[in-house]
Structure formats: structure tokens, C-alpha cells
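J.: Sequence:
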Amino acid sequence: GSASSHLNDFRSIVNQLKSVAIPFDDEVKALLFLCSLPNSWDNLVMVVSNTTSANNILKFDDVVSIILNEEIHRKSTEESSFGNSLNVERRGRKKKRSKSKSNGKSKSRDSRSKSRSK
527 GSASSHLNDF RSIVNQLKSV AIPFDDEVKA LLFLCSLPNS WDNLVMVVSN
577 TTSANNILKF DDVVSIILNE EIHRKSTEES SFGNSLNVER RGRKKKRSKS
627 KSNGKSKSRD SRSKSRSK
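Every position in the sequence shown, counted from 1, becomes a number in the working numbering once 526 is added.
Treat the hints as calculated values from the structure; they're not laboratory data. Ideal Cβ positions, reconstructed from N, Cα and C, are used throughout, including at glycine. Each hint should be verified, as a subset may be incorrect.
PhoX-like mimics (lysine-lysine), calculated; alpha carbons at most 20 Å apart, straight line [stated by the list, open to error]:
hint : residue 1 : residue 2
1    : K555      : K585
2    : K544      : K585
3    : K555      : K544
For each label pair, taking beta carbons as the anchor points, the in silico distance ranges come out as [said to hold, decoys possible]:
hint : residue 1 : residue 2 : range
4    : E605      : V554      : 30 to 38 Å
5    : I583      : I539      : 19 to 27 Å
6    : N576      : D552      : 14 to 22 Å
Using the sequences and the hints given, assemble the complete structure.
T.: Following this line, the structure appears as C-alpha cells:
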């Protein structure tokens, strides 16, 4: 699924844990969220987890903002590349081709030279 649906699931779990008196501070929540993302997010997780705010603390809201912005970027890039691939597909070879034996080649020189020798 999407990062936003993953975020909703994550928030639901955190709220359930809070309701049974297991609170998380903001940085732990940020780290847990980053670690819970699918493998396709590994590069961004690495960058975000190595980048800290001025206080050297990851903030959950900052992490969420980064992830959701990246998801928007990925979707727009995906749509753009999908559109480009459709254009390339349309420019490809036509499905119906001539069934002549010449296969689109011009006459050979041999046939012209025979007509000259007559």
C-alpha cells in the first residue's frame, strides 16, 4: 500500500499502545515509523535517520512530512514515466506489415544489370 495508509495503520497502533499506558516519546515514534516502512523506502529511511534537526532529535511530524512528500514525488514521477512509456509504445512498429517477398527492400542491382544486358 501507500505510505499514507501505512502511516494511518502506524498511528492506530501507537494510539492502541497509548491506551494501555505504553507511550512513546516523539523521537522513538519517528524511528519506529521509519523502521516500519517497506524495503522500497530504504534509501530515504537511511538519509532521514542520518539527518537530524538542530536539537539532534528526529521529530515524528518532520519524518511524516518528508515521507508523504516523497510519496507525492514518487507518484508524480511514476505517472510521468507511464505517460512517456505510452508515447514510446505508440511510436513503435506498426502491427500490419506488407507481406511482399521484398520485405521493403529496393530491387537488387542484379535484376537491373540483367535488363541492361538484353
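J.: Against this structure, judge whether each hint is valid.
T.: These are the hints, each one checked on the structure:
1. K555 / K585: Holds. K555 to K585 sits at ~8 Å (cutoff 20 Å).
2. K544 / K585: holds (18 Å)
3. K555 / K544: holds (12 Å)
4. E605 / V554: 30 to 38 Å: Since the Cβ atoms of E605 and V554 sit about 35 Å apart, the hinted range of 30 to 38 Å holds.
5. I583 / I539: 19 to 27 Å: With a Cβ separation near 22 Å, I583 and I539 satisfy 19 to 27 Å, so the hint holds.
6. N576 / D552: 14 to 22 Å: holds (18 Å)
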